[in-house]
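S.K.: Sequences and hints are given; from them, build the entire structure.
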Amino acid sequence: MSQHPIPERRYVTLGSGLRLHYDDTGAGLPVVFLHGSGPGASGYSNFKRTAPAFLAAGYRIVVPDLPGYGLSDKPEDAEYVLDYFVDALAGLLDALDIERCVLVGNSLGGAIALKYALDHPKRVAQLILMAPGGVEERETYFQMEGIQKMVARFAAGPIDREGMRALMSLQLYDPSLIDDGLLDERAAICALQPRTVLSTMRVPNLTDRLNEIACPVLCFWGMNDRFNPTSGAEKIAAGIANARVTLLNRCGHWVMVEHRDYFNRACLDFLAEG
244 MSQHPIPERR YVTLGSGLRL HYDDTGAGLP VVFLHGSGPG ASGYSNFKRT APAFLAAGYR
304 IVVPDLPGYG LSDKPEDAEY VLDYFVDALA GLLDALDIER CVLVGNSLGG AIALKYALDH
364 PKRVAQLILM APGGVEERET YFQMEGIQKM VARFAAGPID REGMRALMSL QLYDPSLIDD
424 GLLDERAAIC ALQPRTVLST MRVPNLTDRL NEIACPVLCF WGMNDRFNPT SGAEKIAAGI
484 ANARVTLLNR CGHWVMVEHR DYFNRACLDF LAEG
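If you use our numbering, the sequence shown corresponds to residues 244 to 517, in order.
It is worth saying that the hints were derived from the structure and are not from the lab.
Ideal placement from N, C-alpha and C gives every residue a C-beta, glycine not left out.
Heads up, a few of these hints could be off.
Unchecked claim - The calculated label-pair distances, taken between Cβ atoms and stated as ranges, are: (1) 472 - 399: 21 to 27 Å; (2) 422 - 485: 25 to 31 Å; (3) 451 - 268: 36 to 42 Å; (4) 422 - 455: 39 to 45 Å; (5) 455 - 403: 42 to 48 Å; (6) 299 - 319: 38 to 44 Å.
Stated by the list, open to error - For lysine-lysine, the following PhoX-like pairs were computed, each having C-alpha atoms within a straight-line distance of at most 25 Å: (7) 317 - 392; (8) 365 - 478; (9) 291 - 317.
M.R.: Here is the structure:
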């Protein structure tokens, strides 16, 4: 039995030696969910209320924990740069014999999805992005209140439950959506993460390459996002020929949590179009 608040599912060891934790359920076209960064993040915490709707609609859902997060390996000596995550994703998909899939990514996960689609265009059927990273310079992100407070708090040392509540409140327009289960999940994982997970993280600005993405793209952005500026939404819309972008008011960084029903319906309609 798992001793962690998040459910323990499956593990795979990549050729690099990195051990990744993931969930893999259902059949049909694989939909791979890529979570964001931050203290205590995991695939389960980000998508536990989203992925089941895709499963019920007949898709195979794959929800990995990125390196440094969830129940996956967290090497202290790794450089947590974008290509490190993209290589891990490529290794996981190869190990699971997934030749072609849909990628769903929020924040850091969105940047990973974009870069994987650039590196492996024939392997991505469609992209669903929620306030993806990778479309601004690092300095722009570090002007955002959420990024500044998250990085400073994580670097300061252990984060207790109430400290985690304060950080999670930055993610959402409506902090009443933060429940005890989420705090327990995030605090337990955060205690296992080396400081290097955030201190070495580097994500290049991919804006100039967005025009290379040919697959259909559905993007969501909360108008009250305190982590990734809404200027990124216009860049996605302008840069990707086959993109549609939805801006939602009264919404922070977690569209799939604050507008879950709308998000699920819109995504499933988008996927059905092929």
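S.K.: All hints, please: hold or fail.
M.R.: The hints, checked one at a time:
1. 472 - 399: 21 to 27 Å: Since the Cβ atoms of residue 472 and residue 399 sit about 25 Å apart, the hinted range of 21 to 27 Å holds.
2. 422 - 485: 25 to 31 Å: Given about 37 Å between the Cβ atoms, the range is violated.
3. 451 - 268: 36 to 42 Å: Hint holds: Cβ distance 37 Å, inside 36 to 42 Å.
4. 422 - 455: 39 to 45 Å: About 40 Å separates the Cβ atoms of residue 422 and residue 455, which means 39 to 45 Å holds.
5. 455 - 403: 42 to 48 Å: holds, 44 Å
6. 299 - 319: 38 to 44 Å: holds, 39 Å
7. 317 - 392: The given pair, whose Cα atoms are some 22 Å apart, holds under the 25 Å limit.
8. 365 - 478: holds, 23 Å
9. 291 - 317: Holds: residue 291 and residue 317 sit about 22 Å apart, inside 25 Å.
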